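Note that the protein sequences, when read in sequence, are chains E and G.
Read in order, the letters of the first sequence correspond to residues 1 to 679 in our numbering.
Read in order, the letters of the second sequence correspond to residues 1001 to 1264 in our numbering.
Note that these hints are calculated values from the structure, not bench results.
Computed from a predicted structure; not experimentally measured.
Don't take every hint at face value.
What the hints assert, rightly or not - With a straight-line Cα cutoff of 27 Å, these simulated DSSO-like cross-link-like pairs (lysine-lysine) come out: (1) K575(E) - K552(E); (2) K243(E) - K1024(G); (3) K272(E) - K328(E); (4) K1111(G) - K243(E); (5) K50(E) - K272(E); (6) K50(E) - K1024(G); (7) K1061(G) - K1111(G); (8) K1023(G) - K1044(G); (9) K1061(G) - K1044(G); (10) K1206(G) - K1116(G); (11) K1024(G) - K1206(G); (12) K1023(G) - K243(E).
Unchecked claim - Per label pair, the in silico range of CB-to-CB distance: (13) A1091(G) - A281(E): 43 to 51 Å; (14) R342(E) - H1117(G): 36 to 44 Å; (15) A231(E) - I1089(G): 41 to 49 Å; (16) G181(E) - H1223(G): 54 to 62 Å; (17) S472(E) - K1023(G): 32 to 40 Å; (18) P289(E) - H1223(G): 34 to 42 Å; (19) S472(E) - R1165(G): 45 to 53 Å; (20) G184(E) - A1091(G): 57 to 65 Å.
Even glycine gets a Cβ: it sits at the ideal position worked out from N, Cα and C.
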Amino acid sequence: MNAHVAPQLNPPVATSRPLVRIVIVGHVDHGKSTLIGRLLSETGSLPDGKLELLKAVAIRRGMAFEWSFLLDALQTERDQGITIDTSQIRFRTPVRDFVLIDAPGHTEFLRNMITGASQADAALLLVDAAEGVREQTLRHAYLLHLLGIRQVAVVINKMDRVGYDDNRFREIDAEITAHLGGFGLRPAAVIPISARHGDGVVERSAAIEWYRGPTVIEALDGFAPAQPATALPLRLPVQAVYKFDDRRIVAGRIQSGQIAVGDEIAVAPSGKRAVVRSIEAWPANDIEPYEAGTGQSVGITLDRPLFIARGEVIARAERQAPSGRRLKARIFWLHDTPLAARTYVTVRIGTAEARGVVTAIANTLDPGDQSAANGDTLSQNHVGEVEITLSNPVAADLHADNPRTGRIVLDLGGHIAGGGLVLALDDDSRSESASMLAGEALVARAADLNRSLAVLNLTQRLVGIRGALDGSIVFTTSFGLEDQVILHHICEAGLDIDVVTLDTGRLFPETYTTWEETERRYGRRIRAIYPQHAALEELVAAQGINGFYQAKEARVACCDVRKVEPLKRALAGAKGWITGLRADQSADRGNLALATADRDRNLLKFNPLIDWSRQAAQDFAAAHDVPTNPLHQKGLLSIGCAPCTRAVRAGEPERAGRWWWEDSSKKECGLHVAAGMAR
Amino acid sequence: MDRLDELEAQSVFIFREAFARMKKLALLWSLGKDSNVMIWLARKAFFGHMPFPAMHVDTGKKFPEMYAFRDRYAAEWGLDLIVESCPPIDAVDPSLPPAARSAARKTEGLKLALAKHGFDGLIAGIRRDEEATRAKERVFSPRGLEGHWEVRDQPPEFWDHFNARLPVGAHLRVHPILHWTETDIWAYTRREGIPIIPLYLARNGKRYRSLGDADITFPVQSHARSIDEIIAELDTTRTPERAGRAMDHEAEDAFERLRVAGYL
Chain E
1 MNAHVAPQLN PPVATSRPLV RIVIVGHVDH GKSTLIGRLL SETGSLPDGK LELLKAVAIR
61 RGMAFEWSFL LDALQTERDQ GITIDTSQIR FRTPVRDFVL IDAPGHTEFL RNMITGASQA
121 DAALLLVDAA EGVREQTLRH AYLLHLLGIR QVAVVINKMD RVGYDDNRFR EIDAEITAHL
181 GGFGLRPAAV IPISARHGDG VVERSAAIEW YRGPTVIEAL DGFAPAQPAT ALPLRLPVQA
241 VYKFDDRRIV AGRIQSGQIA VGDEIAVAPS GKRAVVRSIE AWPANDIEPY EAGTGQSVGI
301 TLDRPLFIAR GEVIARAERQ APSGRRLKAR IFWLHDTPLA ARTYVTVRIG TAEARGVVTA
361 IANTLDPGDQ SAANGDTLSQ NHVGEVEITL SNPVAADLHA DNPRTGRIVL DLGGHIAGGG
421 LVLALDDDSR SESASMLAGE ALVARAADLN RSLAVLNLTQ RLVGIRGALD GSIVFTTSFG
481 LEDQVILHHI CEAGLDIDVV TLDTGRLFPE TYTTWEETER RYGRRIRAIY PQHAALEELV
541 AAQGINGFYQ AKEARVACCD VRKVEPLKRA LAGAKGWITG LRADQSADRG NLALATADRD
601 RNLLKFNPLI DWSRQAAQDF AAAHDVPTNP LHQKGLLSIG CAPCTRAVRA GEPERAGRWW
661 WEDSSKKECG LHVAAGMAR
Chain G
1001 MDRLDELEAQ SVFIFREAFA RMKKLALLWS LGKDSNVMIW LARKAFFGHM PFPAMHVDTG
1061 KKFPEMYAFR DRYAAEWGLD LIVESCPPID AVDPSLPPAA RSAARKTEGL KLALAKHGFD
1121 GLIAGIRRDE EATRAKERVF SPRGLEGHWE VRDQPPEFWD HFNARLPVGA HLRVHPILHW
1181 TETDIWAYTR REGIPIIPLY LARNGKRYRS LGDADITFPV QSHARSIDEI IAELDTTRTP
1241 ERAGRAMDHE AEDAFERLRV AGYL
């Protein structure tokens, strides 16, 4: 069987016509579905038998035939004669292909109207000539404006019901035109029609001979597909970084501007820079793509292994995307729970997501009757200006600068609950709500890094950790086997990581020897931190030189003075802390993660050796001539202070030799337990 | 960008969003023209790789040409192929009309496959222009615990932001080619040189426009013997695409009932 069909040239006519997406909006029962039915039938776009089928259905159910049966595909919609959800249907004229988007006119289904209208390039706003401008007419008009739809024609339907009266037409024309003008929309046409009888839809009608403007079809043919934002600066929100083979591909869809091989780019919010090395494509062609433009989904490689996360925005270095932690947005709210100050939301801008807390709400409005609404909460289907403080900076543009990347979506409890336009953005990390969110942000960051680092090897993990954090990273070592393996990797990779040890004053002589040998082997000084002498003198005065054997409280007090407090100084100002913990060292450490949020110390803690076995570390050290503490050979697996460490017998857990006289369930000095683990 | 480029860019974006947001994805491969285009788009999105399995929920009643196609291209495209079979007809709602009941075996097969593999996202190749309830679908369409579609209460979806958080045990349907038309599929298949099952091309004045189970799928009158001729035919035909799929036409709401229960 040869099923393969060779590719052919010349694009077929059927996909070369312009495609325009039109949403039909307006108040319930003003005739949206009827207009669509009329358009489809008069342009010969209905499939064979469809009309007959729907007529037969109407007779069987004892109902009058309705054009709305065409799009109201759901049984409940036909039963109740109401459009619940948005639908789309195709039709075409000799010069254009159209997607007609039917939007429900009932206020209860406004979220579905927005789902439909957000996909449109242009809109027809329907008004019933007899009823005139109503609540959803106004609400839909306002939402078209918020959704960024600039091409609008107003259709005044049911002219037959007002005797094709041109005065009534002019009255509504003046009202709706003034209303649209209020937010800067100028209708392309205001068209009198009767969808039921066909006047003014496809054909001109003698009944409306006083009207000189376009028919509905002519107005539709005047609409253009939405223009891509090619003239704006490059914005490429990162969807993911892929490493399926030896390429590290940064993937995303270009929202505006162009990108080319050789461009210097800047990543926001991190500010990191790189040069575009290639634009990747599959299947590979003879000529590699050199540039890509607005709307394209691309993959690029860079000249250096930057740590880039989903949600960051790539721009050209000279036109970097702004970013900030505080923003103001004009929001339309769809959730039945009103939005109030101090509500936590998830903010989505492009591919970025951040936790945010609402700090203020102002200028609320019910766009259905243009009345000012209750000031400090935002009710369902209302619009208002909302100020939000974010847990971490997010890149965005002001909507006035870039209509694509200046849009924001709010998510409440995992559901899309609102959306809007970014009005202001600034970076204020000092506010109270910012610090409220810092801990939460840390947890989210840890969870992200946990995922992205897990698949990497040890060197890649360390490089990734260094790349992910701005600011200092501290690696604390006690010269045990695991620490030595990590130190070896840090030194080999030449990473800018501060290596620190806590000298308690009670270490084994062998530990000091190992320390010295390590400094010689890797040619670097290791920063030593000592206990505060006053506190140590007080401790020894109180409990004696070996008082820690007397009671657990005494031991913990000793650990505090000799290790925990010095650690606090070692980590002061650090953004990251690397340790040699492994998950299988003790039952207590089994629920460790590779990256965790230490909320108390406000830093990220990394355990890059978490999934190694002791054997693997031993094998690595042996193979790479890594200096190790000779006490390991004598059965001391976990080495701390000399008085508090003994050898472990065959079959005992690794940390059984630490504080062996105490209860075996909790063998921690306090360095690693105070550090809160990621929730 | 021309229209096919735009369609492709949007589908690639959807694939990448699904892969970023879902933990365990599978692509439903029905072996037809639409799901073959989907596989092609997935490989575009992930630079030649498809980083999740292709699952064929097999009724056992497909045309022999479809099985031959599956086995050949699963190997040629390096797919991680999962084949799951459907339960017998007795397991299916007896109140459905005969062809719909037969088609609903696939829904039951899907439920079993979901339970077995624990997928939280299923990528399906449905299109809005195929059928009126599909025209009301979301790109990311949440399904309840029993695979049910809450058609009266779909979440809002706008500006390429998709709802992806789910209760435990529920799953999400992802529809990367929802915005394509039948003509788009053929024009893209031709442009990209994607292989097709020859049943789509006319022989003795008939061809299949849509492929399903051999016993409930019928050919339509056609003289289109190449993809070009199919595209030309679609430009003028007023016969709906699924005219040859018996389960769509047995009762006014038969297809809606199938879909609400979890059919594609």
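For each hint, the structure was consulted:
1. K575(E) - K552(E): 32 Å, violated
2. K243(E) - K1024(G): Measuring from Cα to Cα gives roughly 18 Å; hence the hint holds.
3. K272(E) - K328(E): Holds. K272(E) to K328(E) sits at ~26 Å (cutoff 27 Å).
4. K1111(G) - K243(E): 32 Å, violated
5. K50(E) - K272(E): Judged against 27 Å, a Cα distance of about 58 Å means the pair is violated.
6. K50(E) - K1024(G): 40 Å, violated
7. K1061(G) - K1111(G): Roughly 19 Å between the alpha carbons, so the hint for K1061(G) and K1111(G) holds.
8. K1023(G) - K1044(G): 20 Å, holds
9. K1061(G) - K1044(G): Since the Cα atoms of K1061(G) and K1044(G) sit roughly 31 Å apart, the hinted pair is violated (cutoff 27 Å).
10. K1206(G) - K1116(G): 40 Å, violated
11. K1024(G) - K1206(G): Since the Cα atoms of K1024(G) and K1206(G) sit roughly 41 Å apart, the hinted pair is violated (cutoff 27 Å).
12. K1023(G) - K243(E): 17 Å, holds
13. A1091(G) - A281(E): 43 to 51 Å: Given about 46 Å between the Cβ atoms, the range holds.
14. R342(E) - H1117(G): 36 to 44 Å: 42 Å, holds
15. A231(E) - I1089(G): 41 to 49 Å: Violated: the Cβ-Cβ distance is about 60 Å, outside 41 to 49 Å.
16. G181(E) - H1223(G): 54 to 62 Å: 55 Å, holds
17. S472(E) - K1023(G): 32 to 40 Å: Holds, since S472(E) and K1023(G) (Cβ atoms, about 34 Å apart) stay within the stated range.
18. P289(E) - H1223(G): 34 to 42 Å: 39 Å, holds
19. S472(E) - R1165(G): 45 to 53 Å: 36 Å, violated
20. G184(E) - A1091(G): 57 to 65 Å: Since G184(E) and A1091(G) have Cβ atoms about 59 Å apart, the given range 57 to 65 Å holds.
Consistency with the previously given hints fails for numbers 1, 4, 5, 6, 9, 10, 11, 15 and 19, ordered from lowest to highest.
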